[in-house]
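Take the given structure of chain G and dock chain U to it, following the hints.
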Amino acid sequence: MACAAAACHENGCCKDEDDEGLVLSTKKRTAEPTIKTNSVLVATASSNTITSSTEDSEHRHGLCVKCKVDAALAGDECNLCFGCFRASLFGKFKVTVTTKDLISPTDNVLIAFSGGPSSRVALQFVHEIQQKAQRNLDASRDKSYPVFGVGAAFIDESAISSISSHEFEQAIQDIRLIVSSLAPPAKELHIAPIGNIFSLDPNDGTERLKELLHTINDVTGKEDFLQHLRMISLQKIASDHGYTKLVLGSCASRIACHVISATVKGQGYSLPADIQYVDARWEVPVVLPLRDCLAQELKMLCHHEGLKTLELLDGPRSGINGLVSSFVTLLQEENPSRQPTIVRTAEKLTPFNFNRLPEIDDSSNHLPFRRRHKKLNFKSDESNTSEFFCQICNSPIKNSDLESLRSILGHSETGANIFGSSCSSCQFQILPKEPSSMEHFYSLLPKSMVARAREGICCNQDRLREQIKDCLLSDDEEGI
Amino acid sequence: MDEAEVKSKKGPGRLCYICNQKKPALKRPKTLEQICKECFYAVFEEEIHRVIVDNQLFKPGERIAIGASGGKDSTVLAYVLSELNRRHNYGLDLFLLSVDEGITGYRDDSLETVKRNEIQYGLPLKVVSYKDLYGWTMDEIVKMIGLKNNCTFCGVFRRQALDRGAALLKVDKLATGHNADDIAETILLNILRGDIARLSRCTSITTGEDGPIPRCKPFKYTYEKEIIFTYAYFKRLDYFSTECIYSPNAYRGFAREFIKDLERIRPRAILDIIKSGENFRISTSTKMPEQGTCERCGYISSQKWCKACVLLEGLNRGLPKLGIGRTRGPLGIEQRTQRSMQSKQCGTLDF
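First to last, the protein sequences are chains G and U. Numbering (this note's numbering) for the first sequence: 1 to 480. Numbering (this note's numbering) for the second sequence: 1001 to 1351.
This is chain G alone, in the form it adopts within the complex (with noise of 0.2 Å):
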């Protein structure tokens, strides 16, 4: 609140006196809010040149219904000013990234960018935080605040896209710009074909990639499984370059979608793991600052403030995944608080251990920055520590489900089977049916994918054995 409305001042606008009497008095009460506010007054210092020159237009309908002095955005639902909306859209992101301890000082963040709206914010958001970081460090006599660093990845589709190669070549040199023309501290920009991850000849990766695509037969299927690519993809380049933190753009208009469309799936079990702030089950932990914001909000942000981005990468969803956004889409229009409430139910599903950060170990305790760590408030059945996952989409499985697993490794032969421990909606919608055709497509898997199921296939027979150990007749490891 302190923040908000000193913002609000500084933008020229008043708020009554007894409100801003409070503030003030609050601020002097307590220490820490002044750092508190810079970083907000940093967030609409930009916005300044903007909002001030509406001025002409207040006490007229329409103004903002927060500082009651500038107009409020034109069109959609929304009822602030420019300056007030984009405070309160930092601000979200800013709560998240702080109480959920989302960007340490001595992270260094990769920020998966498709040059779409939320990509673009989560860019810009995360850039801001750590000019400020920046300033403070040079602000400090003793430089001892380190400053988080950023990078930006994005993965090339370009072979599998039916994007003409030259606006595609567009579409890079304006990635490009985007991330080069970003202030200092400057951030280095990954662009790496998604062939990448099976071959380190683009040619051979581009084919084997095809050739797997190409046994998909389910639409769906093929739009997932290009996800889990992108997934590795990612996770390639953050690991190759020593990133520490995977920051993704998932909005909560996106996460509302793959609530409905993992129930649809058949994947409600797995379905908290994939929409927490944190998911760590990968070599570098994934974060999504901007969980809480609605798309169009983001859409709108970049819009009014003149950021470019690229819709010409963001194809239409198809199959299942078509039919929920729109589905979902026609729920928000009848109902705007639609796609927060069903982000709220999903919230409330249990998460999974994984769902939060490693524990940092003391060396990095002796560091001088002072941080307020809000523990997370979190509860996952701390019985059950070790999931098991499936092999090609990562998925926690349920115990259960596991029936089935057994039965298959019981003849397991050839290094297809291990393929037997994927989820059934990955053997449903992704998997070849055929035999023949499974041991063809497991060895077009890219390696980083065969190695992630060999190393659980290991620690699942471990403990399948040791479920079933009261059964098993003799010692050896025939059967199993």
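Keep in mind the hints are simulated off the structure, nothing from the lab. Some clues are possibly wrong.
[Stated by the list, open to error] Here are the simulated DSS-like pairs of lysine-lysine, each with C-alpha atoms no more than 30 Å apart in a straight line:
1. U:K1037 x U:K1023
2. U:K1131 x U:K1170
3. G:K143 x G:K100
4. U:K1170 x G:K433
5. U:K1027 x U:K1304
6. G:K398 x G:K132
7. U:K1126 x G:K433
8. U:K1304 x G:K222
9. G:K92 x G:K143
10. U:K1023 x G:K398
11. U:K1115 x U:K1143
12. U:K1126 x U:K1115
13. U:K1022 x U:K1225
14. U:K1022 x U:K1131
15. G:K308 x G:K236
16. G:K222 x U:K1027
17. G:K222 x U:K1143
18. G:K433 x G:K100
19. G:K398 x U:K1030
20. U:K1023 x U:K1260
21. U:K1143 x G:K348
22. G:K447 x G:K100
23. U:K1037 x U:K1260
24. G:K433 x U:K1143
25. U:K1225 x G:K433
26. U:K1143 x U:K1131
27. U:K1027 x U:K1037
28. U:K1304 x G:K433
29. U:K1022 x G:K433
30. U:K1170 x U:K1225
31. U:K1131 x G:K433
32. G:K398 x G:K348
33. G:K222 x U:K1030
Positioned in the frame of chain G, the structure of chain U alone reads:
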């Protein structure tokens, strides 16, 4: 038939996917397998039998009421249960239980169907009416409150009426005709409105085991399409098919349409939704309201009075908005006519 023969007939000859002998008569909605009529009945009934056995829905010697509306689901349920009871010696005493809401042109017609079912399957029928239980028919209620919220009254009253009818029949359980589509739809709706408590309950095949009369849904995994298009159509079961004249339920319709669209591109989506619903990780500590009994009528209630008594009190005192959660909304015509009544609302009733 030896294996070689089976294989040769799998070709373009197009024979039933299951028996490989007859010409297929339909594409089974659940699996899209092309099968013949006889095999369809066999798998349809066998699947329901499996659901009943695997979930131990009934015990030998139990008295079971079948909630019979005269619609397709309950008609098919009455048929299948009496058939399976005979075939597999469940040892059940089956009854038909109908609720007469008092909706002229709708329920009176469908009750005729139930009465014919009574004779066809030889199952004793009990009809309980809103008029007898509450002193109001739905026609009278709608006349008073209009077409808004009338489904709230009907739903609350029906739930209790079924329990009261079941108690009169002295049955151990009540079987309802809810099908897989209904359950999938309920799961989605509970997600859309953030109702985690109902989300965890709505997938159980048996509910209310702590209450007076448990209910079960033998059709939990049965597709609506299989019930209507094929079953009722082929067997020419006598059923009544009309929408309730007082229920223009647009919101539920949204979800229903979505499910139909899903089924079109992926038939197993309905079962997948149910699977998701069953597997949701909902912490068991989600508190359910403590159950007591209504001080007025003795029915189970978490409040001092049960919902039906609250609604009834509203009706009898001319305050139909009593007990209806949110009353705000666009000022419709019905609402304006009610305003004078609403203003009479006083604070004497404390719940």
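So which of the earlier hints does this model not fit?
-> When the structure is compared with the hints, numbers 4, 5, 6, 7, 8, 10, 14, 17, 18, 21, 22, 24, 28, 30 and 31 turn out to be violated.
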